[in-house]
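**Student:** Residue numbers (the numbering used here), protein chains in the order written: chain U, 1 to 421; chain A, 422 to 731.
Hints are not guaranteed to be accurate.
Derived list of chain A stretches under chain U, where covered just means 3 residues or more per stretch with a C-beta under 8 Å from a C-beta of chain U [what the hints assert, rightly or not]:
#1 564-577
#2 691-699
Label-pair distances were calculated between CB atoms; the ranges are [claimed, not checked]:
#3 U:Asn85 <-> A:Asp487: 47 to 55 Å
#4 U:Ala180 <-> A:Gly577: 33 to 41 Å
#5 U:Asp244 <-> A:Ser485: 42 to 50 Å
#6 U:Gly134 <-> A:His661: 46 to 54 Å
#7 U:Glu169 <-> A:Gly577: 31 to 39 Å
#8 U:Gly134 <-> A:Ala715: 33 to 41 Å
#9 U:Glu71 <-> A:Ser638: 53 to 61 Å
#10 A:Asp487 <-> U:Glu71: 53 to 61 Å
#11 U:Gly134 <-> A:Phe488: 28 to 36 Å
#12 A:Ile658 <-> U:Arg239: 20 to 28 Å
#13 A:Phe473 <-> U:Gly261: 26 to 34 Å
#14 A:Ile458 <-> U:Asp110: 47 to 55 Å
#15 A:Ala492 <-> U:Gly181: 16 to 24 Å
#16 U:Glu169 <-> A:Ser485: 19 to 27 Å
Bear in mind the hints are in silico, worked out from the structure with no lab data behind them. If you're wondering where the values come from, they're calculated on a predicted model, not measured in any experiment. In this text, a Cβ means the ideal position worked out from N, Cα and C, and glycines have one as well.
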Amino acid sequence: MMSFNISFPKTALATTLAASLALSAAQAAEVEVLHWWTSGGEARAANVLKELMEAEGYGWEDFAVAGGGGETAMTVLKSRAMSGNPPSAAQIKGPEIQEWGELGLLGELDEVAEAEGWDDLLPPTVAEIMRHDGSYVAVPVNVHRVNWLWANPEVLEAAGVEMPTTLDELFSAGEAIREAGFIPLAHGGQAWQDATVFESVLLATGGSEFYQHALVDLDPEALGSERMVEALETFKRLRELMDDDMSGRDWNIATSMVINGDAGMQLMGDWAKGEFTAAELTAGEDYLCAAAPGTQDAFTFNIDSLAVFRVEGEERDAQHALARLALEPIFQEAFNLAKGSIPARPDLDMSEFDQCAQQSLDDFQRTANEGGLVPSMAHGMAVRADVQGAIFDVVTNYFNARDMAAEEAARRMVNAAQAAL
Amino acid sequence: MSLSRCAAKPAAATGSRRSPSGLLQAWLPKLVLAPSIAISLFFVYGFMLWTFILSLTGSRMLPSYDFVGFAQYARLMANDRWWVASSNLVIFGGLFVAICLALGLLLAILLDQRIRQEGALRTVYLYPMALSFIVTGVVWKWLLNPGLGIQAMVRGWGFENFRFDWLVDPDMAVYTLVIAAVWQASGFVMALFLAGLRGIDDSILKAAQLDGASLPSIYWRVVIPCLRPVVFSAVMILSHIAIKSFDLVVALTGGGPGYASDLPATFMYAHAFTRAQIGLGSASAMLMLGGVLAILVPYLYSELRNHRHG
Numbered sequence: 001m002m003s004f005n006i007s008f009p010k011t012a013l014a015t016t017l018a019a020s021l022a023l024s025a026a027q028a029a030e031v032e033v034l035h036w037w038t039s040g041g042e043a044r045a046a047n048v049l050k051e052l053m054e055a056e057g058y059g060w061e062d063f064a065v066a067g068g069g070g071e072t073a074m075t076v077l078k079s080r081a082m083s084g085n086p087p088s089a090a091q092i093k094g095p096e097i098q099e100w101g102e103l104g105l106l107g108e109l110d111e112v113a114e115a116e117g118w119d120d121l122l123p124p125t126v127a128e129i130m131r132h133d134g135s136y137v138a139v140p141v142n143v144h145r146v147n148w149l150w151a152n153p154e155v156l157e158a159a160g161v162e163m164p165t166t167l168d169e170l171f172s173a174g175e176a177i178r179e180a181g182f183i184p185l186a187h188g189g190q191a192w193q194d195a196t197v198f199e200s201v202l203l204a205t206g207g208s209e210f211y212q213h214a215l216v217d218l219d220p221e222a223l224g225s226e227r228m229v230e231a232l233e234t235f236k237r238l239r240e241l242m243d244d245d246m247s248g249r250d251w252n253i254a255t256s257m258v259i260n261g262d263a264g265m266q267l268m269g270d271w272a273k274g275e276f277t278a279a280e281l282t283a284g285e286d287y288l289c290a291a292a293p294g295t296q297d298a299f300t301f302n303i304d305s306l307a308v309f310r311v312e313g314e315e316r317d318a319q320h321a322l323a324r325l326a327l328e329p330i331f332q333e334a335f336n337l338a339k340g341s342i343p344a345r346p347d348l349d350m351s352e353f354d355q356c357a358q359q360s361l362d363d364f365q366r367t368a369n370e371g372g373l374v375p376s377m378a379h380g381m382a383v384r385a386d387v388q389g390a391i392f393d394v395v396t397n398y399f400n401a402r403d404m405a406a407e408e409a410a411r412r413m414v415n416a417a418q419a420a421l
Numbered sequence: 422m423s424l425s426r427c428a429a430k431p432a433a434a435t436g437s438r439r440s441p442s443g444l445l446q447a448w449l450p451k452l453v454l455a456p457s458i459a460i461s462l463f464f465v466y467g468f469m470l471w472t473f474i475l476s477l478t479g480s481r482m483l484p485s486y487d488f489v490g491f492a493q494y495a496r497l498m499a500n501d502r503w504w505v506a507s508s509n510l511v512i513f514g515g516l517f518v519a520i521c522l523a524l525g526l527l528l529a530i531l532l533d534q535r536i537r538q539e540g541a542l543r544t545v546y547l548y549p550m551a552l553s554f555i556v557t558g559v560v561w562k563w564l565l566n567p568g569l570g571i572q573a574m575v576r577g578w579g580f581e582n583f584r585f586d587w588l589v590d591p592d593m594a595v596y597t598l599v600i601a602a603v604w605q606a607s608g609f610v611m612a613l614f615l616a617g618l619r620g621i622d623d624s625i626l627k628a629a630q631l632d633g634a635s636l637p638s639i640y641w642r643v644v645i646p647c648l649r650p651v652v653f654s655a656v657m658i659l660s661h662i663a664i665k666s667f668d669l670v671v672a673l674t675g676g677g678p679g680y681a682s683d684l685p686a687t688f689m690y691a692h693a694f695t696r697a698q699i700g701l702g703s704a705s706a707m708l709m710l711g712g713v714l715a716i717l718v719p720y721l722y723s724e725l726r727n728h729r730h731g
């Protein structure tokens, strides 16, 4: 937080200066950025980017659309794009970038990428996602890790258990926590949360190679295999560790159950850290983080990015400036401290970040080099929205059905992947 | 048959004048209404047509016009979730309309017994209709949450084995929608019936009494048949509330557990707008429209024909 605070007045000063300059220089070029960084910390972080832009004399038209993991924002974006008036940049991620690219609506950022040396700066996996047809069309702003386990140390202590590192340990720790009178695993019964837990279980039981075959390549053999059945069965067993009232619960309510000591653990991506931080807890002391049990050597990533639309003239300069500034250390640091994620460029000084983020970055680089870095299916990084939705349906239906065999669910998974193609 | 006898209807004022100002008067209403008719033609029927066209295309994230015939309908028929949503609509719609009618009629008859404080009671029953379905959904979500609401309360009284966990039970979740929707709409149906009851000519009831009919049979054979037009409007209003139900599902169950309480409207929204399957979403919207027409058109036809020749 320190460097954020120190740099703030400087930027503010520059902003006022730039603002007065911009006023004199007629109508300065503007970017319009559609995003859904609307929660307190996120909005402040997005504001840093705005100030950086204004300091360089560009205008920033904020186009924030709140709500529901960006669903509303996406609907707005589609209607804007259809009417032939897309914003300069929008928060689009994963395979969706390719879909927009195929529609021929995206601009390219190769000039900026070359000048700034993105090829060297960004990890190849990240860079790959930002490109369409070989050209950069988007700029990454952060890297979330999805396969995390969060825990309340007081609950673990009361139950006399350690942070579990394997699924077997998770089940036995869960039993002990239940006997101590707590809910073992906080969870919210929403399709995407079910899928978030499912992909971590599949990663643990099947390994990252199987994960890649099944949930990224949608190989029907892997989807219908014995290992998928095993993953599904283990996933369903986790239900025993959850409470009965979880149906429809939001993820942050589940996190607050861990914070308040009603529940012991939660499987959730690192945005959960925002909740712990907001409750003024310190990582490693008041709450614990570890890779989801059995997935220490894997990293499911969820990368937010800003994709740029095809625009002309001065707006294009502003757009390029935006892309360059989004990877500036000052924005990357401020933004990721607020989001709980790690910077998209691995060369930053991580001393301001807590130990969870530092571990996240270490694991990110290790898995990028040694294998195990996989895109998150539950967060739209692995497959397109229609396939993802079809898989969600199978996962959540199986998880909630009383009497569906895992074999049947695996069979439906194969159908889902094929029907959606 | 019996309709014309139930209430004395004022004869429709007819008569046409042929002066210039009369001509203007004849045309003015049409002129004034023309823009709104044009707008509704375009925005309702035009967009229906567009939705139908889209349902024949392979549109994904944005509309496209590569026609694929009825492939989207075939995919929809093979979609498990669509069948869950459709059968939920049958359960929800059927129960909702039936219970609302029964409860509304009962309340109206009870309120019609010249009781004290009728105005206050009427307001109490009518009030839920003033709420939006989102509010109703959230309130009932809390009431029905086993760890928070009714179940927790009864257990708190000492009945440790009491269970009322329909909200989190995939087989029963759709019935929680019925509970909340009935709570919201039955007061409104009551008001409709009450107005109908007040409109019945007293002399018919007196004649029935003179003929020696008992009170139940007066209600069963005279009053309720007289309320047929009210039933007609109530069914119309309730069934369109049932079919377009979206906000209630979103607020109360979120379609869950899993997708056990999905309705066609939430299915359509999820596919057309969040899952980048506009083609499939349009196909489901067309089937919804087809379902509405299949039920309402025959009903409308039979009721209105009766009315005309009655």
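**Student:** Would you mind marking each hint as holding or not holding in the structure?
**Tutor:** Do the hints match the structure? See the list:
Counting residues of the stretch 564-577 of chain A whose beta carbon lies closer than 8 Å to any beta carbon of chain U gives 4, which meets the minimum of three for the stated coverage. Chain U is given as covering the stretch 691-699 of chain A, and this holds because 7 residues of the stretch bring a CB closer than 8 Å to a CB of that chain, at least three being needed. The given range of 47 to 55 Å is broken by Asn85 (chain U) and Asp487 (chain A), whose C-beta atoms sit roughly 24 Å from each other. At roughly 23 Å, the beta carbons of Ala180 (chain U) and Gly577 (chain A) sit outside the given window of 33 to 41 Å.
Hint check: Asp244 (chain U) to Ser485 (chain A), Cβ distance near 45 Å, so the stated range 42 to 50 Å holds. With their beta carbons about 52 Å apart, Gly134 (chain U) and His661 (chain A) fall inside the hinted range of 46 to 54 Å. With their beta carbons about 36 Å apart, Glu169 (chain U) and Gly577 (chain A) fall inside the hinted range of 31 to 39 Å. The supplied range of 33 to 41 Å is broken by Gly134 (chain U) and Ala715 (chain A), whose beta-carbon atoms lie about 52 Å from each other.
Range check, Glu71 (chain U) to Ser638 (chain A): Cβ separation about 57 Å, and the 53 to 61 Å hint holds. Taking the beta carbon of each, Asp487 (chain A) and Glu71 (chain U) are about 26 Å apart, not inside 53 to 61 Å as hinted. At about 32 Å, the beta-carbon gap between Gly134 (chain U) and Phe488 (chain A) stays in the expected band of 28 to 36 Å. A C-beta distance of roughly 41 Å is found between Ile658 (chain A) and Arg239 (chain U), which places it outside the suggested range of 20 to 28 Å.
The hinted range of 26 to 34 Å is not satisfied by Phe473 (chain A) and Gly261 (chain U), whose Cβ atoms lie roughly 55 Å apart. The hinted range of 47 to 55 Å is satisfied by Ile458 (chain A) and Asp110 (chain U), whose Cβ atoms lie roughly 53 Å apart. Between Ala492 (chain A) and Gly181 (chain U) the C-beta distance comes to about 55 Å, which lies outside the given range of 16 to 24 Å. Between Glu169 (chain U) and Ser485 (chain A), the C-beta spacing of about 50 Å breaks the proposed range 19 to 27 Å.
Hint compliance for this structure: hints 3, 4, 8, 10, 12, 13, 15, 16 are not met, and every other hint is.
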